[in-house]
Amino acid sequence: MSAETGFYSEEEAIAAVGRLDHALLARFVRTRVILPADSEAGSVYRGVDLARMELLCDLCCDFDLGDEALDMVMRLVDQLHGARGDLKALMRALGEEPEEVRLRVLGRLG
Amino acid sequence: MSEDPYDVLGLGRTASAEEIKKAYRKIAKDSHPDLHPGDAAAEARFKAAGAAYDLLKDPETRKRFDAGEIDASGQEKPRERPFYRDYAEQPGNPYRQGPRYEGFGDDNDFFSEFLRRGGGRTGGFGGQGMRARGADAHYALEVPFLEAANGGSMRITLPGGNDLEVKIPKGISEGQVLRLRGKGSPGFGGAEPGDAYVTLSITPHPLFRREGDDIVMTLPVALDEAVLGAKVEVQTIAGPVKVSVPAGATSGQVLRLRGRGIAAAGRPAGDQRIELRIAMPKQIDEDLKRFMEEWRRDHAYDPRKGGQS
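Residue numbers (full-length UniProt numbering), protein chains in the order written: chain A, 1 to 110; chain B, 1 to 309.
The set of hints was computed from the structure by calculation and includes no laboratory data.
Mixed in with the good hints, there may be bad ones.
[To be verified] In silico EDC-like pairs for lysine to aspartate or glutamate, Cα to Cα no more than 20 Å straight-line:
| id | chain 1 | residue 1 | chain 2 | residue 2 |
| --- | --- | --- | --- | --- |
| 1 | B | K21 | B | D7 |
| 2 | B | K29 | A | E54 |
| 3 | B | K57 | A | E54 |
[What the hints assert, rightly or not] Here are some, though not all, of the chain B residues that point toward chain A, as calculated from beta-carbon distances under 8 Å:
| id | residue |
| --- | --- |
| 4 | Q90 |
| 5 | P144 |
| 6 | L146 |
We treat Cβ as the ideally placed atom computed from N, Cα and C, and that holds for glycine.
Chain A extracted, bound-state conformation:
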């Protein structure tokens, strides 16, 4: 993480992510699989962006995915993780209900 701000400049992101270079980052931003955040200091990247860049590098360097495929895979990945997050939230909410409610819901799930 950048010591100064907690966000990463383009140069800091490229230094932190193994196989990332300017051309690759420009490609990720152009195809909107990475969405930089606006700040007072211009465009910056967050922790989530760097983790995503690692995955994107895996997908395009190891699996040779093109722009279209990359975008499609990332949408599916985001749907998968989103659905898992929602499921966990639902299970947590259900866990806080009284036992009879939980049992009734479990019963409905078959």
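Starting from the structure of chain A, add chain B where the hints point.
For chain B alone, kept in the frame of chain A given last:
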């Protein structure tokens, strides 16, 4: 990782470069933690395969490994990398697709969110002409330490010159994301606007550190204050207070101001912990020296006794 890289990839020693790549791809595809978030063992398999592939994909290091010049573990330590899955499921993940049900402090929205389909980055085509939800906007905001602790209000200047008010709740944490519903780009054809995601980062404070909801600081005390005790003024996140330093205080001793830490909504308030540090006078003058020499004759003590050396 001390396992043989050929074994990890399930290959013989004579495998071609193409076979090595293929074997790695197969394992990576089946075990990438971001693509298999429910598989707890995926990360270990993925990392082992990555280390093996790193070693064997370069003909030079592969030759050296085959010749016994380097072993599988003699390699550079594999780089620590973040995984997307550690961020991806969080409600604040700005890349998350579709509606989000929790984590923004508005629990009553649960069911309305459930019905609010069609989120994400693109809109849909409605029955009559095109309707597209506005794009989400992404902002990064530096929050001064005290605003992050006490809550407050900040403004983001938008590229167009307008500004956006951001209410900072008490006790936000580093990297927390606020979603401002409807504050993204306007929708098209009567569709709803996008949301604004504001990722927060807390600026360090010269005096205070945070440990959870506790505020931690170091307080220098003079030698005489430590010996005799004193009432000294101490800064808290809510302003200065008077604190009693007990007589005989020692460096490392911690005073606790209960409830003076961060009081975030829905959590018990933290404490302020003050670690004392005895600061010697800048110069040891003759008086102090003489006094100490005399005092030592009859009162010498060994603070290292009991294995503290």
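A quick look at each hint next to the structure:
no. : hint              : in the structure
1   : K21(B) <-> D7(B)  : 14 Å, holds
2   : K29(B) <-> E54(A) : 15 Å, holds
3   : K57(B) <-> E54(A) : 19 Å, holds
4   : Q90               : 7 Å, holds
5   : P144              : 12 Å, violated
6   : L146              : 16 Å, violated
Of the numbered hints given earlier, the model fails hints 5, 6; all others are met.
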